[in-house]
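A.B. asks: With chain A fixed as given, assemble chain B onto it according to the hints.
These protein sequences, in sequence, are chains A and B.
With UniProt numbering, the residue at position 118 of the first sequence is 118, and numbering never jumps.
With UniProt numbering, the residue at position 137 of the second sequence is 137, and numbering never jumps.
Any given hint could turn out to be false.
[What the hints assert, rightly or not] Below, in silico cross-link-like pairs of lysine-lysine (BS3-like), each with a Cα-Cα straight-line distance of 30 Å or less: (1) B/Lys-201 with B/Lys-177; (2) B/Lys-189 with A/Lys-177; (3) A/Lys-201 with A/Lys-177; (4) A/Lys-189 with B/Lys-202; (5) B/Lys-201 with A/Lys-189; (6) B/Lys-189 with A/Lys-202; (7) A/Lys-177 with A/Lys-202; (8) A/Lys-189 with B/Lys-177; (9) B/Lys-202 with B/Lys-177; (10) A/Lys-201 with B/Lys-189.
[Claimed, not checked] Footprint (simulated), chain A over chain B, 3 or more residues, beta carbon under 8 Å: (11) 23-36; (12) 56-62; (13) 118-127.
[Said to hold, decoys possible] Taking CB as the label site, the calculated pair distances span: (14) B/Gly-175 with A/Gln-18: 54 to 62 Å; (15) B/Glu-60 with A/Ala-119: 22 to 30 Å; (16) A/Gln-18 with B/Pro-117: 22 to 30 Å; (17) B/Lys-202 with A/Ala-22: 45 to 53 Å; (18) B/Glu-107 with A/Gly-141: 35 to 43 Å; (19) B/Ala-148 with A/Phe-108: 20 to 28 Å.
Treat the hints as calculated values from the structure; they're not laboratory data.
In this text the structure is predicted, and so the values were computed from the model without any measurement.
The beta-carbon is built from N, C-alpha and C at its ideal position, and this holds for glycine as well.
Number of protein chains: 2
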Amino acid sequence: MTTLEHRARPLDVSAAEQDYAAALERDAAALRRIVDLTQRVDSNHPLFLEVAERLDTLSERLENPVDTVTETVRNPGWRHDPVSGVENAIALPLVLEFEDDRTVRAEFEFGLPYQGPNAFVHGGISAMVLDHVLSAAVPPGDVPVVTAQLTIRYHRPVPLFVPVTMVARETDRDGRKVWATGELAVDGKVAVSAEGLFIEKKLKSAQ
Amino acid sequence: MTTLEHRARPLDVSAAEQDYAAALERDAAALRRIVDLTQRVDSNHPLFLEVAERLDTLSERLENPVDTVTETVRNPGWRHDPVSGVENAIALPLVLEFEDDRTVRAEFEFGLPYQGPNAFVHGGISAMVLDHVLSAAVPPGDVPVVTAQLTIRYHRPVPLFVPVTMVARETDRDGRKVWATGELAVDGKVAVSAEGLFIEKKLKSAQ
Chain A
1 MTTLEHRARP
11 LDVSAAEQDY
21 AAALERDAAA
31 LRRIVDLTQR
41 VDSNHPLFLE
51 VAERLDTLSE
61 RLENPVDTVT
71 ETVRNPGWRH
81 DPVSGVENAI
91 ALPLVLEFED
101 DRTVRAEFEF
111 GLPYQGPNAF
121 VHGGISAMVL
131 DHVLSAAVPP
141 GDVPVVTAQL
151 TIRYHRPVPL
161 FVPVTMVARE
171 TDRDGRKVWA
181 TGELAVDGKV
191 AVSAEGLFIE
201 KKLKSAQ
Chain B
1 MTTLEHRARP
11 LDVSAAEQDY
21 AAALERDAAA
31 LRRIVDLTQR
41 VDSNHPLFLE
51 VAERLDTLSE
61 RLENPVDTVT
71 ETVRNPGWRH
81 DPVSGVENAI
91 ALPLVLEFED
101 DRTVRAEFEF
111 GLPYQGPNAF
121 VHGGISAMVL
131 DHVLSAAVPP
141 GDVPVVTAQL
151 TIRYHRPVPL
161 FVPVTMVARE
171 TDRDGRKVWA
181 TGELAVDGKV
191 AVSAEGLFIE
201 KKLKSAQ
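Chain A with its partners taken away, still in its complex shape (with noise of 0.2 Å):
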């Protein structure tokens, strides 16, 4: 199996770009340990009160420079997405494994900031990440693919703290049509299910 970084292509960059890439994984890393942290506090906790003003010192000296941005283009979307993106604080990160070219799983396991009801995965997380490995399952040929309907099953509640399995595999073509199917499993049950159409973008003819 190889992951998703070896499926995309390299980070063709200067030894200096992929230093600052390297520093936003780990400003990732540390502030996902932060937002983790603030969900899981449970009594009153005297740090708390000031740890809005310390985040904000640093917020003040990033500020300046980046008021303009409209987008991030630094480095693929594989990069800094909020699934997989392990320049994102926000997402997993989810590591996504190919068993083959159209067959994608990961396992993982959702802590607190996931939470909808107590002790349970947030349906729509279930959502998100189902989408994002099943639109992993379909391999983009000479256009890109866009996701145009996607259905998902709840069958049973997922709990936080357990280990998830996700499988998602390209189950049919027809022109411009690809179909994908895919689960979230726990302890072997399926919990969540997906089914997905994806569209191969009309190449726009030169004129």
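C.D. replies: Only chain B this time, still in chain A's reference frame:
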């Protein structure tokens, strides 16, 4: 229109606990700002090389007392869920407004942490938010209501940094089944639509 805070039970806690909830809300807002900033920087910034270290120092001070917590129960779910939760840095946070008991609306913008394709929202994020808003349009009666199935249709990509309107409403009830639909629209045009089936949980008979 009333917001979800008005619809949900008010925070029935002591003044000290209310101060604490307010501090958590400020912390999450400060974290959200840094999560966003780390996505917006598009050139080398020397501070980034020390951000992780500063955050880790903060984490280490917070880490000790909280390592065994496995669910967030201190406040109602809408305070800390990953979509509407003002105490959760992952959440937008989305503010829900109720037009009536079974119609809910939200207006907001997506920033860089929610990016999928360059300059557009990740499809899984749209699915996550629609799941949340549709669920909110289905008011629980005497028994809890859970999502059984959700279908998302993607009509056009959703740009970052533009006003987005989301509306959802309950459409039908039949026994324990409840249906709802909703749309995410940009500039008056539907970009993503959703249809959900929800089930009222059976009450276990007392034995």
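A.B. asks: Look at each hint and say if it fits the structure.
C.D. replies: Comparing the hints with the structure gives:
Of the pairs offered as hints, the one joining B/Lys-201 and B/Lys-177 holds, with about 10 Å between alpha carbons and a cut-off of 30 Å not exceeded. A C-alpha spacing of about 24 Å is found between B/Lys-189 and A/Lys-177, which places the hinted pair at or below 30 Å, so the restraint holds. The straight-line distance between the Cα atoms of A/Lys-201 and A/Lys-177 is roughly 10 Å, inside the 30 Å bound, and the hint therefore holds. Under the criterion of a C-alpha separation no larger than 30 Å, the hint pairing A/Lys-189 with B/Lys-202 is consistent with the structure, at around 22 Å.
Using a Cα cut-off of 30 Å, the hinted pair B/Lys-201 and A/Lys-189 holds, with the two alpha carbons roughly 20 Å apart. For the hint pairing B/Lys-189 with A/Lys-202, the CA-to-CA distance comes to about 22 Å; that is within 30 Å, so the pair holds. Note on A/Lys-177 and A/Lys-202: the hinted pairing holds, with a Cα-Cα distance of about 11 Å set against a maximum of 30 Å. Restraint check: the Cα-Cα separation between A/Lys-189 and B/Lys-177 comes to about 24 Å, which is no more than 30 Å; the hinted pair holds.
Straight-line distance between C-alpha atoms of B/Lys-202 and B/Lys-177 comes to about 11 Å, which keeps the hinted pair within the 30 Å bound. Note on A/Lys-201 and B/Lys-189: the hinted pairing holds, with a Cα-Cα distance of about 20 Å set against a maximum of 30 Å. Coverage of the region 23-36 of chain B by chain A holds. Counting CB-CB distances below 8 Å, 11 residues qualify, and the rule asks for three or more. Here the region 56-62 of chain B counts 5 residues with a CB under 8 Å from a CB of chain A, which clears the bar of 3, and the coverage holds.
Check result for the region 118-127 of chain B against chain A: holds, 7 residues qualifying (beta carbon to beta carbon below 8 Å, three or more required). In this structure, B/Gly-175 and A/Gln-18 meet the distance hint of 54 to 62 Å, their C-beta atoms being roughly 59 Å apart. At about 27 Å, the beta-carbon gap between B/Glu-60 and A/Ala-119 stays in the expected band of 22 to 30 Å. Against the hinted window of 22 to 30 Å, the Cβ-Cβ separation of A/Gln-18 and B/Pro-117 comes to about 24 Å, which satisfies the hint.
Our hint of 45 to 53 Å for B/Lys-202 and A/Ala-22 holds, since their Cβ atoms are close to 52 Å apart. Distance hint check for B/Glu-107 and A/Gly-141: the Cβ-Cβ separation is about 38 Å, which falls inside the suggested range of 35 to 43 Å. Our hint of 20 to 28 Å for B/Ala-148 and A/Phe-108 holds, since their Cβ atoms are close to 24 Å apart.
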